[in-house]
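Asks: Using the hints, position chain G against chain X.
So you can see what is in the structure, the chains are spelled out below.
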Amino acid sequence: MILDLPRFIKAERRYWEELRVLLDKLESAPDVRLSLEEMSRAQYLYQRSCSALTRLSGFAGELEVRQYLEALVARAYAEFHPSGARVGRIRPVQWFAKTFPRTFRKHFQAFALSLALTVGGTAFGAAAMALDHDAKSVLMPFSQLNEDPGDRVQREEAEKGDHMKGVKSTFAAQLMTHNIQVGLLTFALGVTWGVGSIILLFYNGVTLGAVVLDYVGAGQTQFLCGWLLPHGVIEIPAILVAGQAAFVLASALIGFRDSARRSERLRACTNDVLTLAGGAAVMLVWAGIIESFFSQYHAPVLPYSLKIAFGLVEFAALCVFLARAGKSA
Amino acid sequence: MCVFGAGRKIGVNKLAIHTPEGVRFDLHLAGPATRFLAWFMDALVIYGSAGVCQRGLNYVQFLNKDVVHAAFVILLFVVTIGYPITLEWMWRGQTVGKRIFGLRVMDAGGRRLSFGQIALRNLLRFVDVLPLLYLVGGAALVLSRRGQRLGDMVADTVVVRQKKLVLPVIPPSPDAARFNSLLEYPHLAARLRQSVSAGLAQVAMEAVVRRDDLGAEARIEVFQALGKKFRECVKFPEEALAGLSEERFVRDCLEVVLGGTKVGLRGGGRGA
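Respectively, the protein sequence lines represent chains X and G.
Heads up: the first sequence begins at 1 in the working numbering, then just goes up one per residue.
Heads up: the second sequence begins at 330 in the working numbering, then just goes up one per residue.
This is chain X alone, in the form it adopts within the complex (with noise of 0.2 Å):
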């Protein structure tokens, strides 16, 4: 093919400048919608300029001018090949109250092989525990913990009116922020094929375990239940969701059974985990809240009875909402 470079871009040039035009209008307003007319006017713009670009590949001369078209191309390419669903408008209740308990139960099995893994630890805890008690500071690395069950219940249960009165607000972000943040550690460890995330939640479980065995071994279990219940019936269902997403991201990545290409079966599945870590950050942020405000109260500012009442209630509520919320009439 012998082509007439100046001839041909003296032609061409004003549709380039055309579809350049295009795209910095579609760039700077995302929501624009193009009428019937200007999305087949793009469509030809669009196919004239990678004829265009195909004219000029095999010509050595003029690399400025080729250059310009292949990011005039990938522009438009981009623009005109989206690789997903439109995002509509964002509906933050609906996608909580109703898409969030779907995806979970469209998953369970990630689910219950969190939960699996979580109870694991927590046996594994409490036996490592009952066999060797001064392995407590080992199992659990937290200074509060390692103190002496009796000594403390003693303690919270002198502390008379508001103790976290000037910073419950601060300590309930500070929760907050952190469970979230062990959460998406929990979830994106999935990209190592799930094998960090099953470290996570089975240390998770050990820690757990190792708490509960030490509180009930020490005659503490009213204490124990009042203080966990109310907070931990969601926070730690939201770590489990959070190994949930991690799993069904691992699963994806490892393929098994499944012929499609790793990026086709990512792709297929990335809402979903999205949806799942998005809703275990939402119960972390109950979770923080009940936990500053409500669990860091004991007997007799708040009687154990009532915390224990309310932790069932909020389970209770949770096994609902996961089990039944967002199901067609």
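No lab work stands behind these hints: they were computed from the structure.
Note that the structure is a prediction, hence the values are computed from the model and not measured.
Just so you know, nobody snuck in bad clues.
Distance condition first, Cα-Cα at most 16 Å in a straight line; then the derived EDC-like pairs of lysine to aspartate or glutamate: (1) X:Lys165 <-> G:Asp395; (2) X:Lys25 <-> X:Glu38; (3) G:Lys493 <-> X:Asp24; (4) G:Lys492 <-> X:Asp24; (5) G:Lys492 <-> X:Glu64; (6) G:Lys493 <-> X:Glu17; (7) X:Lys10 <-> X:Glu64; (8) X:Lys168 <-> G:Asp395.
Label pairs and their in silico Cβ distance ranges: (9) X:Pro92 <-> G:Val389: 21 to 31 Å; (10) X:Ser259 <-> G:Ile429: 41 to 51 Å; (11) G:Pro349 <-> X:Phe142: 50 to 60 Å; (12) G:Arg490 <-> X:Ser28: 14 to 24 Å.
Backbone N, C-alpha and C fix where the C-beta goes; we use that ideal spot for every residue, glycine too.
Replies: Chain G in isolation, oriented as in the chain X frame:
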């Protein structure tokens, strides 16, 4: 099998995209150093704006110190996670740092980024930053064929260097009105058009376009060789070639082949 839109690395830092229209274009992958600088700039923006917010909140601490402090903790957390997600979504794959250093996050197949891809690549930073200072992500980026950290691999995204869209101005031919003696012999001009191969015309056009990139001696050599090739196609009478340099002869031949278009890019009036 050709998979449309699937990027394939073709060089040290390029990713070739094949579109369904049969077009191929290259994305220039960003290197670790530029990405680090962009990240550093973004960190400055995040913590700089957090500092400004903290100063602002200090003025309203008299309302409720506890609530104000809690608001700051939450704000910092939300901004740290939300900043890259929001900006990359609003600015089509760019943050302040990426904009300054001319980088852009793109789908690895060249398609438009989805919100899910942006959120996923940013949430997976929690692993990329481990154990500190992006060691995991940095190692993945250096070892990856397409310069991807773990978040990019999962979200199927790449970070590319963005080219500026400036159409170069091509100067008009300085000898547009110059007389072409070869056109005085229409039968020979017609024979030349028939006998010159597309390859020869293409090479001659390239030589004309890139004449200023050649040294004086190389230019003379190239146009002498091309002139010889054109003479082998058709023999013009001596009077038609009188006073013509080799470069002028090649340009006139090209004008004949291209159907009367003056070929004189970049100072083409000067003889070789």
